[in-house]
Every structure is written in C-alpha cells, then in structure tokens.
Amino acid sequence: GEDVEQSLFLSVREGDSSVINCTYTDSSSTYLYWYKQEPGAGLQLLTYIFSNMDMKQDQRLTVLLNKKDKHLSLRIADTQTGDSAIYFCAERGNAGNMLTFGGGTRLMVKP
Amino acid sequence: NAGVTQTPKFQVLKTGQSMTLQCAQDMNHNSMYWYRQDPGMGLRLIYYSASEGTTDKGEVPNGYNVSRLNKREFSLRLESAAPSQTSVYFCASGGGISNIQYFGAGTRLSVL
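Note that the protein sequences, when read in sequence, are chains A and B. Just so we're aligned, residue 1 is where the first sequence starts under the numbering used here, counting upward by one. Just so we're aligned, residue 1 is where the second sequence starts under the numbering used here, counting upward by one.
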C-alpha cells in the first residue's frame with residue numbers, strides 16, 4: 001500500500017519558524033492535508049492543498065508541495081507555545097475517498 | 001455546531017467482553033470512517049462507509065464489525081475484546097470534492 005513518512009519530533013523556540021516535513025509514495029495523490037492534534041483531542045484540519053498547486057499560504061501557515069519529489073512541508077511562522085501539538089500529514093489518492101496518514105510529528109515549542 | 005460526536009469518551013473492558021462505540025455526524029456527509037490510533041503508528045483505518053447502506057474494510061478490520069445505521073450514524077462493535085485492541089478510536093466523516101475529514105474527540109479504550 002501507499003506510505004506517508006514524517007519525522008517523529010521537532011523542537012523550536014517561541015518566535016522561531018517551524019518546518020514540518022512529510023514524504024509520500026502515491027504518485028496519484030490528489031489532495032494533501034495537514035492536521036493538528038492537541039493532547040486528549042481529535043484531529044483538527046489545519047490546511048490542505050490540491051496536487052496541482054505548489055504553495056498555499058494561510059496566515060502563519062505555508063504549505064509547500066514538491067510533487068516531483070513527493071515532498072510536502074508545513075511552515076509555521078512565529079511559532080507560539082499554543083502550537084505545541086502533534087501534526088499529521090495525510091494524502092488522498094485518486095481512487096476513493098480514503099486518506100493515508102503519516103505517523104505524526106510532535107512539535108515542542110520552548111518559551 | 002456539534003460536528004462529529006463519539007460516545008463513550010472512555011471505556012475499560014475485560015478480555016472477551018463486547019461493546020459498541022457510537023458515532024454521529026450532523027454535517028450531512030456521505031462518508032464515515034473508523035480509525036484507531038496507537039503510539040508512533042499514526043491513524044490506521046479500520047472500516048469505512050462511502051455512503052448509507054455500504055461498508056468496506058480498511059487496513060486493520062480483524063476483530064471489528066460496523067453498522068451504518070443511517071446517514072448520520074456509524075457504529076463500531078468489538079464482539080470479543082482483546083488486549084491488542086487497547087487504543088484510541090476516532091470516528092470521522094467527510095464529503096465534498098476535497099473530502100476533508102472531520103474527526104470526533106475519540107474514545108479511549110483499555111482492554112485488561
């Protein structure tokens with residue numbers, strides 16, 4: 001089956017930028033998503049990008065997609081302590097509505 | 001503005017007991033999903049329902065059954081719980097061309 005990979009952990013200082021990376025194997029991906037999970041909660045959609053785009057910006061969030069390398073990144077500008085959470089990358093192929101999730105990256109923001 | 005509602009939030013079972021996890025959505029979505037989340041393994045799809053009246057197996061269906069009761073409700077049943085089913089279970093619903101999935105708050109299940 002298809003695979004989505006993320007690094008396990010990222011630590012940054014408050015006010016710095018955070019960059020969370022994701023690689024995937026499905027060459028037929030149509031949409032790619034970033035979700036945020038705070039402790040004890042469900043997943044909350046942060047943003048998503050269609051596969052024919054290479055960048056999407058939404059306030060402090062910037063998503064970059066390199067379709068050739070199958071690489072997706074999420075940049076959080078001016079990272080705050082409230083951004084501490086687990087971030088999941090997910091992709092949707094062109095057959096059906098199922099998503100494949102990465103294992104999640106735990107972001108720790110130090111004051 | 002409930003979105004996806006899951007019950008119960010917490011449950012402790014003994015090995016061999018059965019239980020049903022309930023999920024309801026109020027967003028008029030066609031598709032609904034059950035995932036389990038284990039440490040370091042992300043989310044794995046157990047079962048999904050593309051529309052009312054249909055269900056299909058996901059990546060890890062063994063030991064589970066589902067029922068799509070109507071468009072709003074999608075339940076997950078453990079007939080004979082095993083310790084390997086200790087996990088956090090999430091229900092999600094999705095729709096539209098981008099199929100954004102919206103998640104419930106989860107059910108934390110321990111099987112002793």
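Heads up, some of the hints might be wrong.
[Claimed, not checked] Beyond 10 Å from chain B on every Cβ pair, some chain A residues (computed): (1) R13; (2) D26; (3) D58; (4) L61.
[What the hints assert, rightly or not] Here are the in silico distance ranges between beta carbons for each label pair: (5) A/Q59 to B/N65: 41 to 49 Å; (6) B/S84 to A/T30: 30 to 38 Å; (7) A/D78 to B/L69: 40 to 48 Å; (8) B/M41 to A/L61: 24 to 32 Å; (9) A/S73 to B/M19: 20 to 28 Å; (10) B/Q17 to A/G82: 21 to 29 Å.
[Unchecked claim] Covered, in the sense of this in silico footprint (three residues per stretch, anywhere, with C-beta under 8 Å from a C-beta of chain A), are these stretches of chain B: (11) 21–29; (12) 36–43; (13) 72–84; (14) 88–98.
In short, the hints are calculated from the structure, not lab data. Backbone N, C-alpha and C define an ideal beta-carbon position, used for all residues, glycine too.
Tell me the numbers of any earlier hints that the structure contravenes, in ascending order.
Structure breaks hints 9, 10, 11 and 13.
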